[in-house]
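Now for the letters of each chain:
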Amino acid sequence: MRSLSALIACPGCDLLLKKINPAGSIKQFCPRCNRLLYQKKSHSISKVLAISISGLIAYIPAISLPLLTLNAMGMHQNGSVFDAFVSFYHQNYIFVAVLLFLTSILFPLLKLSLLFSVALQLKLRLYSNNLPFLFRLSHYLDEWGMPDVYLIAVLVSIIKISSVASIQYDVGFFCFIFLVVMTRASSSALDSEIFWQEIQQIKPPMQLHENSSD
Amino acid sequence: MDAGFISCHDCGILVNVGNIAAETILSCPRCNANLHFRKTHSISRTWALIITSAILFLPANLLPIMRVDFLGTQEYSTIMDGIIYFFHGQEYGIGLIIFIASILVPLFKIIGMLIILLSIHFKWKHWLRHKSAMFRFIEFVGRWSMLDIFVIALMSTLVDFGTLTSTQAAPAATYFTAVVVCTMFAALTFDPRLLWDA
Ligand SMILES: [Zn+2]
Ligand SMILES: [Zn+2]
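So the protein lines, in turn, are chains H and L. Sequential numbering from 2 applies to the first sequence in this note's numbering. Sequential numbering from 1482 applies to the second sequence in this note's numbering.
One or more hints might be untrue.
[Claimed, not checked] Mimicking SDA-like on lysine to any residue, the simulated pairs with C-alpha atoms at most 20 Å apart in a straight line are:
#	chain 1	residue 1	chain 2	residue 2
1	H	Lys204	L	Leu1507
2	L	Lys1520	H	Pro12
3	L	Lys1520	H	Gln202
4	H	Lys204	L	Asn1515
5	H	Lys124	H	Ser114
6	L	Lys1520	H	Leu17
7	H	Lys124	H	Glu199
8	L	Lys1520	H	Leu142
9	L	Lys1612	H	Leu135
10	L	Lys1612	H	Pro32
11	H	Lys28	H	Tyr39
12	L	Lys1604	L	Met1615
13	H	Lys20	H	Lys41
14	L	Lys1520	H	Tyr141
15	H	Lys204	L	Leu1495
16	H	Lys42	L	Gly1493
17	H	Lys42	H	Leu156
18	L	Lys1612	H	Arg36
19	L	Lys1520	H	Leu138
20	L	Lys1520	L	Ile1506
21	H	Lys19	H	Asn35
22	L	Lys1612	H	Leu37
23	L	Lys1606	H	Leu16
24	H	Lys19	L	Phe1486
25	H	Lys41	L	Leu1495
26	H	Lys28	H	Ser188
27	H	Lys204	L	Lys1606
[Stated by the list, open to error] Examples of chain L residues toward chain H, derived with CB under 10 Å:
#	residue
28	Ala1514
29	Ala1535
30	Ile1536
31	Ile1578
32	Glu1620
33	Gly1623
34	Trp1625
35	Phe1642
36	Gln1649
Calculated from the structure, these hints are not laboratory results. Glycine included, C-beta positions come from ideal geometry on N, C-alpha and C.
With these hints in hand, go ahead and build the complete structure from the sequences.
Below, the structure is given as structure tokens:
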């Protein structure tokens, strides 16, 4: 079993293509189905490392501190991302609560932590056996972490509430915006191809018991 | 795939597997993921998930999704009621966003995937580029349907002034979340390369 570094197959239609010289064009699209095949990004590992650290620092205040405080009829009420999950849980909508927990709390954290640990290991050139797995996991989680959708929901709620109560923006709100920006930035700075090439480079030579027909 | 190569689902590397028996399980030399020519049972899994979402889509829209208590009176509203409420309040932008995320996108995902599945079933070879583009759009847009659920979660936390007024979720929330999850899984289990195999 041997890999062919000069060729790739389009993930959208399986057309076999020659890989463009890395020094050449920045973006490559499939000529048959028009899927974006590859986008070259510079200094990907360092950028991902820096962005994921900043995101992780903002994470705890973003999730646990109140986003907004409502003032109406002389009463105050505030809530955080975590409170919103707890409230669904108390209303006995367990399935929705679990999804809320995964998409708005757990997966955003996991995604940043995984990218952080992979980028750090690549930076220090430390190979561990679960490195490919960690990086694959971060891909699987990509679309299930939804802090960006959540932020739009916060804005919709603000408009919904603003007609009946006055709103005060709390620290959590700004931390949450920062978290969303960092999460998006980490995705756009991530060049998977470079990461995989680096992982392959620092991987120690294959052990004998692994199946190799070549 | 005819050339004896497999491209890895996870890291995209192309592996020369030669003429191996179809049953052999191979793993990717770069990322250790299992290698397949196509995602396993892609068509039947996608069909099952899309039919499930289409069925769940009905209770998700017909049952109330939110309950507002105001001075002892309870008022239930469906997704559509919420949208109409925004339009009555002249909040056209928000009304439109919720309408697109909660009704148009799930409907588009279900109908779009049905078109793609049917065209594979009947081997329709036209508009393949458009269908590929539509699938990429369905993949991209899927998660945005969770918007309304997040709004309800936030409202029920923030608008909670005891007996005076409070907001709570109603049964459709569960069905709606299930629709979103099923359609997202449908896009994940579907292998767009099957469109081009015919
Ligand atoms: Zn293609
Ligand atoms: Zn791989």
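Hint check:
1. Using a Cα cut-off of 20 Å, the hinted pair Lys204/H and Leu1507/L holds, with the two alpha carbons roughly 19 Å apart.
2. Restraint check: the Cα-Cα separation between Lys1520/L and Pro12/H comes to about 11 Å, which is no more than 20 Å; the hinted pair holds.
3. A distance of roughly 28 Å separates the Cα atoms of Lys1520/L and Gln202/H; the hinted pair therefore is violated under the 20 Å criterion.
4. Taking the CA atoms of Lys204/H and Asn1515/L, the gap is near 18 Å; set against the 20 Å cutoff, the hint holds.
5. The straight-line distance between the Cα atoms of Lys124/H and Ser114/H is roughly 15 Å, inside the 20 Å bound, and the hint therefore holds.
6. For the hint linking Lys1520/L to Leu17/H, the alpha-carbon distance of about 18 Å falls within 20 Å, and the restraint holds.
7. In summary, the hint linking Lys124/H to Glu199/H is supported, as the alpha carbons are separated by about 9 Å, within the 20 Å threshold.
8. Only pairs whose Cα atoms come within 20 Å are accepted, and Lys1520/L paired with Leu142/H is accepted, the gap being roughly 18 Å.
9. Using a Cα cut-off of 20 Å, the hinted pair Lys1612/L and Leu135/H is violated, with the two alpha carbons roughly 33 Å apart.
10. Between Lys1612/L and Pro32/H the alpha-carbon distance is near 15 Å, which keeps this suggested pair within the 20 Å criterion.
11. Our distance criterion of 20 Å between C-alpha atoms is met by Lys28/H and Tyr39/H, whose separation comes to about 6 Å.
12. Under the criterion of a C-alpha separation no larger than 20 Å, the hint pairing Lys1604/L with Met1615/L is consistent with the structure, at around 17 Å.
13. Simply put, Lys20/H and Lys41/H have alpha-carbon atoms about 12 Å apart, close enough for the 20 Å limit, and the pair holds.
14. A hinted pair counts as satisfied when its Cα atoms are at most 20 Å apart, and Lys1520/L with Tyr141/H qualifies at roughly 15 Å.
15. Distance hint between Lys204/H and Leu1495/L is fulfilled; the C-alpha atoms sit about 18 Å from each other, no more than 20 Å.
16. The straight-line distance between the Cα atoms of Lys42/H and Gly1493/L is roughly 17 Å, inside the 20 Å bound, and the hint therefore holds.
17. For a cut-off of 20 Å, the pair hint linking Lys42/H to Leu156/H is broken: about 32 Å separates their Cα positions.
18. For the suggested pair Lys1612/L and Arg36/H, the alpha carbons sit about 12 Å apart, so the restraint of at most 20 Å is met.
19. For the hint pairing Lys1520/L with Leu138/H, the CA-to-CA distance comes to about 17 Å; that is within 20 Å, so the pair holds.
20. For the suggested pair Lys1520/L and Ile1506/L, the alpha carbons sit about 13 Å apart, so the restraint of at most 20 Å is met.
21. Proximity of Lys19/H to Asn35/H is assessed by CA-CA distance (about 15 Å); at most 20 Å being required, the pair is judged to hold.
22. A threshold of 20 Å between alpha carbons decides the hint, and for Lys1612/L with Leu37/H the separation of about 15 Å falls inside it, so the pair holds.
23. With a C-alpha separation of about 16 Å, the suggested pair Lys1606/L and Leu16/H falls inside the 20 Å cut-off, and the hint holds.
24. Between Lys19/H and Phe1486/L the CA atoms are separated by roughly 14 Å; this keeps the pair inside 20 Å, and the hint holds.
25. With a C-alpha separation of about 18 Å, the suggested pair Lys41/H and Leu1495/L falls inside the 20 Å cut-off, and the hint holds.
26. Annotation: proposed proximity of Lys28/H to Ser188/H holds, straight-line Cα distance about 16 Å (limit 20 Å).
27. In summary, the hint linking Lys204/H to Lys1606/L is not supported, as the alpha carbons are separated by about 43 Å, beyond the 20 Å threshold.
28. Among the interface hints, the one on Ala1514/L holds; its C-beta lies about 6 Å from the nearest C-beta in chain H, closer than the 10 Å criterion.
29. The closest approach between the C-beta of Ala1535/L and any C-beta of chain H is roughly 19 Å, which is over the 10 Å cut-off, so the hint fails.
30. With a least beta-carbon distance of about 16 Å to chain H, the hint placing Ile1536/L at the interface is violated under the 10 Å criterion.
31. About 7 Å separates the beta-carbon of Ile1578/L from the nearest beta-carbon of chain H, less than 10 Å, and the hint is met.
32. Because the beta carbon of Glu1620/L sits about 8 Å from the nearest beta carbon in chain H, less than 10 Å, this interface hint is met.
33. Evaluation of the Gly1623/L hint against chain H yields a held restraint, the C-beta minimum of about 7 Å falling below 10 Å.
34. For Trp1625/L, the shortest C-beta to C-beta distance to chain H is roughly 6 Å, which falls under 10 Å, so the interface hint holds.
35. Given the 10 Å rule on beta carbons, the hint for Phe1642/L holds: about 5 Å separates it from the nearest Cβ of chain H.
36. The restraint placing Gln1649/L at the interface with chain H holds, with a minimum CB-CB distance near 6 Å, inside the 10 Å limit.
Hint compliance for this structure: hints 3, 9, 17, 27, 29, 30 are broken, all remaining hints hold.
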